[in-house]
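A.B. asks: Listed below, chain by chain, are the residues.
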Amino acid sequence: MNREELKSYLESNFSNCQVSETFDFPLLIVPKEELLSVAGKLKNSSETLFDFLFCETAVDRNPNLEVVYHLTSTTFRHDMEMKVILEDRENPEVESVYSLWQAADLFEDEIYDMFGIRFANHPNLRRIMLGDEWQGFPLRKDYKDDVNIVTL
Amino acid sequence: MNSKVTTDSLLYYICALNEKVLIMGSVSIIVLLFSALGFAALVLAIGKIFGLSSTNPEKGQPYECGIETKGVTWIQFNVGYYLYSLVFLVFDVEIVFLYPWATVLKEVGMVAFVEILFFTLFLFMGLLYAYKKKALTWM
Amino acid sequence: MSASTIIFYILAALTLTFGALTVFSRKIFRAAVFLLLSLICIAGIYILMEMDFVAALQIVIYVGGIVVLIIFSIFLTQKAGERLPSRLPKRLLWAILLPVAGLAFSSWVIFNHPFAQTGTAPIEPTVHNIGLQLLNYDQYGYVLPFEAVSILLLASLVGSIIIAMKKKQQ
Amino acid sequence: MIQFSDITSWIHETLSGLLSPGLTFLAELVLAGVAVLAMVLVFVVIFVYMERKVAGFMQLRYGPNRVGIWGSLQVIADVFKLLLKESFAPDSVDKLLFNLAPYLVLAVSFMALAPISWAPGLQMWDTNIGVLFISAVSSIGVIGILMAGWSSNNKYSLIGAMRSGAQIVSYELSAGLSILAVVAMCGSLSVHDIIQSQADGWWIFKGHLPIIFSFVVYVIASTAECNRAPFDLAEAESELTAGYHTEYSGMGFGIFYLTEYINMLVVAMVASTVFLGGWLPFHIYGFEAFNHVMNFIPSWIWFFGKIFFIIFLIMWFRWTFPRLRIDQLLKLEWKYLLPLSIVNLVIVAFITIMGWHF
Amino acid sequence: MEQVPLTHVLILSSTLFFLGIYGFFSRRNLITMLMSIELILNSININFVAFNKYLYPHQLEGVFFTLFIITVAAAEVSLSIAIIINLFRRFNTIDIEDTNTLKF
Amino acid sequence: MDVKKDFLPDYPGEAYKDENGKTSFIVTSVDALANWGRSNSLWPLSFGTSCCAIELMSTVSAKYDWSRFGFEVMRASPRQCDLIVVAGTITYKMAPVLKRLYNQMPEPRYVIAMGACAISGGPFFYNSYSVVKGVDNIIPVDVYIPGCPPRPEALIHGMMSLQKKIMLSKAYVIEKKPKEEEDK
Amino acid sequence: MENQDISLPLEEQTEEFVVNIGPQHPSTHGVLRLEATLDGETIKDILPHLGYIHRGIEKMTESLGYKQSIYLTSRMDYLSAHINNQACSLAVEKALQVEVPERAKAIRIIMAELQRLTSHELWWGSCAMDIGAVTPFFLGFRDRERILEIFEANTGNRLTMNYITPGGVMQDVLPSFVSDLKTLLVKVKGYLAEYDTLITGNIIFQRRLQGVGVLPKEMAISLGCTGPTARASGVSCDVRKYHPYDGYEKLEFKEILNDGCDSWARYLVRMEEMRESIYIIEQLLDNLPEGEYRAKMKGVIKLPAGEYYQRVETARGELGVYIVSDGTNKPYRMKFRTPCYSNLAAVKPINVGAKIGDLMASMATIDLVIPDIDR
Amino acid sequence: MKTVLRYLQEVALAFRSLWSGLRLTLYFFTHPRKEIITEQYPENRTTSINIPERFAGEVVLTHDENNEHKCTACTLCEMACPNGTIKIISAQVETEDGKKKKVLDKWVYNLGMCTFCAQCIDACPQNAITMKNSFELSVYNRSDLIKTLNKPGSKLKEKS
Ligand code: SF4
Ligand code: SF4
Ligand code: SF4
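Which chain is which? The protein sequence lines are D, F, X, L, H, E, A and B, in order. Heads up: the first sequence begins at 2 in the working numbering, then just goes up one per residue. Heads up: the second sequence begins at 6 in the working numbering, then just goes up one per residue. Heads up: the third sequence begins at 31 in the working numbering, then just goes up one per residue. Heads up: the fourth sequence begins at 242 in the working numbering, then just goes up one per residue. Heads up: the fifth sequence begins at 1496 in the working numbering, then just goes up one per residue. Heads up: the sixth sequence begins at 145 in the working numbering, then just goes up one per residue. Heads up: the seventh sequence begins at 26 in the working numbering, then just goes up one per residue. Heads up: the eighth sequence begins at 232 in the working numbering, then just goes up one per residue.
Among these hints, one or two may not hold up.
[What the hints assert, rightly or not] Result set (DSS-like, lysine-lysine): computed pairs, CA atoms no more than 30 Å apart in a straight line: (1) A:K373 x E:K243; (2) A:K373 x L:K572; (3) A:K323 x B:K318; (4) A:K242 x D:K84.
Quick caveat, the hints were computed from the structure, so don't treat them as lab data.
Use the sequences and the hints to build the structure in full.
C.D. replies: Here it is as structure tokens:
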């Protein structure tokens, strides 16, 4: 499917999600609760077959946190972007997609480390980069560290 | 004293002088042993006496890529090698028996050959058996 | 006293010391190492007695084979750094009594028995002579034991492989 | 040429002029020990230098060339450095065994030198079990390595020691069998006799294919016994950092390093004695003029030349091949070398009895 | 060597023998017991060699006995180690007391 | 080694002096011998964290070949080496490791800070929350080699500077090097 | 598949113990720490610990401008510095819709492919070194050094180049560039033949790699592996083919695939890729377009608000640059999806059950660059 | 028989592959003149060393023969530098016609932090600074790396 087709496909199939597009990809904004079912459909439906999670990251849109999934299909070679918006800044939590794409293991570890977003049912969620002693989540916009950060 | 000794050797000479007192084998071994031990002691002592030294708590800990070790090292350890040394022991004994055999092979002739044929046959059977049982497959 | 006697007594003392350390040491790996040193000293005594071949045998088989095997099995079955548990008092009593009595008795025997040298023409115990006797069918020949050894070893190899590789039972 | 006897008698006379007979004897023993020590150390220094140069040239670079002429003092500088380097036993080790291990390995590799014949008449101990003694003594070394590895209380050391234990004992078998092939042909274990039996041609030339095969097996097996690449699993740097001597520092490590090279020396000496005719010159049967020229080259040059040839072979392997995995290494021994050398020995026995060798 | 009296050699061997006996009885660990047995066997070997050397120098009987004893010792060790390993695998201990109490 | 090579930096510390207060290169021959041995046989720890480590490897490699100076014996265990070349960024997570490695080295030991990261945090000096701003905050440094990464010749130059420093310092004193602040 | 069919003669489990491999370890190529749980020499579990070289690049970009951020990317995967720079520049150009001059594009591709060559050569040397052969390491560096000479002469840096900038390249290549390259490529081909004699054909080396570290295709996809690591498992994932950039669409080249799935396949894929890179460069050399080397850009770059994702194929796999811009001169969020981070995930599944020696072999063929993982 | 043959064949093949590797290293060993590529660095530093013109080793403020530089102290380079290597310290001086004017006092450059990215050179409108291909810069003290680039007494070059 090319980009337009994919977009219309998404619009027709995922009515409770919001569909838009970014510069590069069609974008599907998924409600937090339905993440796993939507992602499972995207991965397994024979029309899309998004079997390759090539990037998963988060963006801190103060005050919301967004988790961004970039998907591609090794069969059809189409890509899309999927987003989950988390409003709870203090205790953000979202379902892990590890059961669908094993690649999520490390990606989600990193997101947890950098943004403090917890992933439910993640096999081994840990502060992979900074270590357990580290205070705060550095990639959040409100991260302050007067000791280490020398600002320009 | 061995009659094959020729005189122009430093060590032979020393031994020959004291023929009555010592057997040569032990002398040479002892000389070598002591020179080795003495050398080792000497060089280690030089390091201790003249070398610099410093202490800090981390210096005494085992090195493991710069991370503290987890758990003890002296644990019960799964050695895949144990069966090898088992088989080795048996073969070692067999080979030791081959040494006297080899020295007289020429004199004894065909009999020795026949005997060794049997001997190695058993050796081979042992090896084959070890194979069959996968004792020599490293785990 | 000549040098060789001095060496003998030194070696004997070392043998006994290491032997004692072997049985007294509470760290099993150290015990194995002391056993090794004791065996080496015994090999030294053999060399002193001009039994070079036996000495070599001692080193090759005992040191190179048996001790290595023992060390490997220590790794496999033991927390080698641990101290061994202390002895049981009941057995300890026997363990001390029996050797002391035995030693007393045997030294009495040794000192009172006249050891008479027989024979006149000594054979040099060289490898060559050993080999000749080994492959000899005469009265003093050892060809049968020689072949028997190979069978014995085969049997022990097969046996130990069977035993060692027996699967764990539930 | 200077005769050794001249020197020795001169030494003896001067000494007995100065000292009482007993002291003379002791002094001479010390002298002898120092002489052997010096000889071995010089060899080792040359080997280390050679290793670095060979490595350099094979790797398209020069190797050491700043310290001394062509870097010849490089190894000496290393020795000075190591001598003055702090050598300590970490608190976590088993101190007794940790400190004992270097002594053991060094003593063992020294003792293996006893039956070696360096030149005509220059031999310490002409025993009737010569080569057997060497292989027997060098098999003690493995215990030293196991001791070092275990007592270090370090996981890398332990794994390295075990590996090298299994490896050394395994390869001892085929090393022994390949020496046996020559022993069977010449009928003696004595180093002196083995050399003399090659007066009309080295065994590697007159022993047909089986002896050449034995030679190859011996070189492979002894490389493995010395823990040299491609069989250097005990200290496989990319896996176990520094293997069984990870925790040794300063001269403690230096002794292990030294021992590695002494072992190589012993191995090379045995190989050149048994297969390449020791200090005997190269002769071609029935080519008198040539033989005559060869006789002019002093025997020690022949012997050292052969030693360096073997050492070069071992180094050449090291700088060419990748390392084997431990199971491949053991498979190589138990599946290929051992059966083949047993068969080889039977063939050799047959040849010997039939008198087919030259 | 001749100057060392035979009795001294025998004393050495018997002391070693009884050291081994002591170890054998006082130890609970199978491997240490095995090591004690090795000591015993070695003391016997010393005896054989010494007798051969001092009393029967025209024969090689003692040497051969030593040879075969060493051989048998090797066979014995390999078997007993195999048994020890097997025991260990079954009971997870090689303490003689513990293995006694567990019924075979 | 000729210590008077003009392209090496001036040695700032106290070169040792004889009774007349004159600077002399050789006070005692033992000192000189020890220093000669040490300076010509610097075995580095095979330690590198990032980009600069590649240049370190280039220096090992055939074109630049620091084995000419006898430095090629890279030991993987700190017990056997004399020198750490800190090649690359040191983060706060790595700092204890580096410190531990340094502590586990036997005396005498030397440190070279290679590259901007090791000297000051380099490109990651500002705005980075996890980079140590210079390894001299953790361990004392003997020679600094600027560059990002320094080219292999620069590393050899740094090594020669270290040789010069060793040659000019006392052999039997562990120099107390300034340590600016404790690491985190 | 030697590992698989070994039946274990001794079934007992002895105590497991934990060995740290890294952070200072000669064969993790940096400061990766693998916490391996071993039973004897068998690996029971591997837990990678990262962050020993985590430098906070993503945070830093948020306070630097776009231009200044680009130079940070060459410190990530420093063996593919050009390609990293290229990725960032492409993302910026895409957002600003700047047309890059043809000459600049060609130079970029040449540089990128040369970079791939150097990276693979270095990998080849260090891979062989991990297996235990030292000489190849020197050969690999010798050849790499030749290419570096060209880099150095043209870009002014050997390793962490900052040559490719938004709009083109920093400065024009030297006049002798083409002729230098032509002589170089002939040499490099000869070097590749040497590699084959020394290592590829070597039986020990083959046996060390064959059947070791098997990464099945499904697992490679699921783990998100890219680059040669994935292609050796038969996953077709070459960004240069599927999302061509900078004119790769006009060039003729194959995507190297191999179905072996093991370390040996990965080795072969990389060796083939070197030849393919040479082929690509040769196509461009003969008709290097003339003209500008850099489009005119403003001094301060401001991207229009929005999200941009640009991917390129580095020597290790797919590098994605994800930029979220809020319209100011600094990126709001910049995420680098680095190939090594995903490939690292493969380390655990392919090594559990293997031996320590195999771990090194499979690590060597996955070819991780640790700062690329940690950023 | 077949298995034996295959076994031997395996052995022969293995030896062949090993020998080809050995031959290559032997070739390297025996042809040092042709193959060795080592540069003898400290000796060749005045002769054959190859440091390309463009090599970025150090930022320098170019001075001409009258000890004049072109820097107007506009601090554009300071702003362009990603990691604050440059500090431009300017001074106010009064020109003859009484106007206050900013001139360069100190061009402070921290070599220990510079990453040689050439952003400053790109940014400088006056082309006052360039990269020098020097590389022998190691020092014993970190403070030695902080340099003042304008030479003492140097002046701004007058526009001609
Ligand atoms: S100084 Fe530069 S090249 Fe060196 S580690 Fe730091 S960023 Fe990398
Ligand atoms: S160097 Fe150039 S950019 Fe920097 S202050 Fe001077 S004139 Fe301005
Ligand atoms: S080269 Fe880069 S880091 Fe150095 S001063 Fe210029 S802008 Fe700053």
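A.B. asks: State for each hint whether it applies.
C.D. replies: Each hint, compared with the structure:
| no. | hint | result |
| --- | --- | --- |
| 1 | A:K373 x E:K243 | holds (29 Å) |
| 2 | A:K373 x L:K572 | holds (27 Å) |
| 3 | A:K323 x B:K318 | holds (24 Å) |
| 4 | A:K242 x D:K84 | holds (27 Å) |
Checked against the numbered hints above, the structure breaks none of them.
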